[in-house]
Amino acid sequence: MIQRLFLAALLLVGTAVAGCGDSRSHSNAVYMLVDTSGTYAQEAGKAQLIINYLLGTLTAGDSLMVARVTSRSFSEKDIIAKVTFDSRPSQANAQKRAFKDQIDAYVKTVRGTAYTDITGGMIQGAQFLNETGAGTKTIIIFSDMQEELDKATIRNFPISLKNIRIIAVNVVKLKTDNIDPRRYLGRLEAWQKRVEGAGASEWRVINDLERLDAIFSKS
Amino acid sequence: MTGSEYWMVWPDNTAVSVLVLLLVAMAFLYAARKPVHHLIGSLGFLISGPLRIGARWLLAAANDMTQRNKAVLLAHGRQEVGQRIEREFERLGAMVTRDLQGYPALQRKLLDEITRVEEDYKKCGEVPPPPPDWVEAVTAMANVKSSGNEMVQKVLGEINRSVTSIHDKALADYRRAYETRHKILEGFMPFWRSLDKTMAQVDKKLTGLQDSTAAVDGHMAKYEQINAKTDKAEHALTVSAFTQFAIAFLVMAVASGGAFVNFKLIALPMSEMVGAGDYISSSLRTSEVAALVIIFVEASMGLFLMESLRVTHLFPRIANLNEHMRHRMMWIALTLLVTLAGIEAALALMRDMLISDKQALLHSLATVQQAATDSWVARIPTAGQMLLGFILPFALAFIAIPLESLIYSTRTVGGVLLAGFVRALAFVLRILGNLARRLSRVLINLYDVVIVLPLLIEHLVKAPRAPAPGKSRRGADAEDLSKERS
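If you read the sequences in order, they're chains A and B.
Here the first sequence stands for residues 218 to 436, where the numbers follow my numbering.
Here the second sequence stands for residues -14 to 471, where the numbers follow my numbering.
Mixed in with the good hints, there may be bad ones.
Unchecked claim - Here are the simulated lysine-lysine pairs, DSSO-like style, with alpha carbons at most 27 Å apart:
1) LYS108(B) <-> LYS19(B)
2) LYS392(A) <-> LYS299(A)
3) LYS299(A) <-> LYS317(A)
4) LYS263(A) <-> LYS217(B)
5) LYS435(A) <-> LYS168(B)
6) LYS317(A) <-> LYS368(A)
7) LYS207(B) <-> LYS217(B)
8) LYS410(A) <-> LYS325(A)
9) LYS392(A) <-> LYS379(A)
10) LYS108(B) <-> LYS325(A)
11) LYS343(B) <-> LYS299(A)
12) LYS435(A) <-> LYS410(A)
13) LYS435(A) <-> LYS299(A)
14) LYS317(A) <-> LYS343(B)
15) LYS368(A) <-> LYS325(A)
These are calculated hints, taken from the structure and not from any lab test.
Note that the structure is a prediction, hence the values are computed from the model and not measured.
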């Protein structure tokens, strides 16, 4: 009788131990879109600051991808650098150094583009983020959020950003916005409506680069 | 007639309608008085009965628990005091062997010294010989009157001269004798001192022995009280258990602080070994669990070490091992503990390196570069962490002692608290039961108050043929109640 009880207890403990592992992913994946169109290309230095902040904040097991927003951004060629940090902190630090070097090299050679395809970048970002299988997926858009597409480019269709946080950073005001602020507010509102309609879990705008900690804070 | 006036006997007169209905209701209530009384009484007993039975059962369980607690407490106390007496006897035996094994030699030395002192004392008692008997003849001669006779004077002069020379010689002899005696007495001194020292030694040893026997007596008295199962012994053991529990709890809290520091030291570097991305639960990383496991393994090794050293007695199997196996186990536990301490020191170093690397990375990411400091001061925290990592496992090993105290005292403290809780629960149930019974009586009385009018009429009708004095309605009620109670 005691032996049976012991075996049953052993079985229970075994089941509990086998089931106690948390299968959910706790890692972060960040896809950062850097707008290089027109005069906004001059802001690349600020983008570098944000990337450095991300490198300092993301930990082992997290993923980071940086892509540029060009005339047509739905292309792997626009990815500047991407990395999934090793689970060992020392290796992760080495990867971060290498990533920083890649970004530094890119910033020195950045050139402005004629059009701004934010939607294409977001579609590609969503694809990459979903592939990582990370627990928290974030697209950071470093742009003035003024999308300008050439006539041949088609982006007016529903996109899916399910369970992805969208954070617009450094959304600078354009000259026209200064004349009529409603244009700026309307632009942001339109984007909010669009990303929330696409299933994004959060929409946030961060203009103060001193408050970058809000990128990872839950609303 | 509206919907709300359907009950009115006289729709135009509410007061009369109410009065009529009240009278009718009263008549019905009066008619149903006895069954309703019984119903309320039965309900009261229905609620109070199980509650009282429950209270009685809980009280019995609490008493049973107290008895069992007492048995366990006394058994544990007997074992503990028995062990203490055993140890005291061992100590006493060692003391007797150590101090009194040289006692025959000491006694011989003492006797020799006393014999020598006695001999010397006797020598001191030898007085010089008394003056010769002729002294009396000389005295007689001295009394002879000279009356100027030259012959007599010459004889007397000769006698005087002889006597003077003999006196001088005798005096010199006396002086020499006293000098010799003084010398003998002076020679006494070291012997007296030695005697005094030896006696002081004997006194000290005997006093120590006496103290130890007094302690044994105290323990024996306690043991006898425990054997006699007196309340005093039980109370003393309970108080002692509470004190032990409090002390052990405090020490365990301090040890938990040490374990937390230890955990902080090795949690980060463990992520380098098992990876930082795996999670056991939403907030618990695998690396943190691995660090906790290492700490628990260290504590277990400490526990086995203490067990094999016979400091603690948590595992009878280890205590019953033969000496050879016990020693082997002790060395194995110690070796593992040292190895784990070494690993911890290495992990502490790795932690420092990882933090430094992270800091360097953050500085390289920052716009303003910080100047590197490579002085010996910067190495102090590293050395401190390594030292802490090496020492903490050994410090944690000692938690086996308070843990044992905590386990044993928790049995007593928990038992006392549980018995108290069960008693309190029994008290509450008893109160609730009584409350239900009293409430049923109050409801019965309230019912009678509602039908006071028919009761009054009944009283007036029955008054002329009332039973014998003392058999009042109240008395009848009391009878009813006693019947119900039975």
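| field | Earlier hints that do not hold, by number | value | Result: hints 1, 2, 4, 5, 6, 8, 9, 10 and 15 break, sorted rising.
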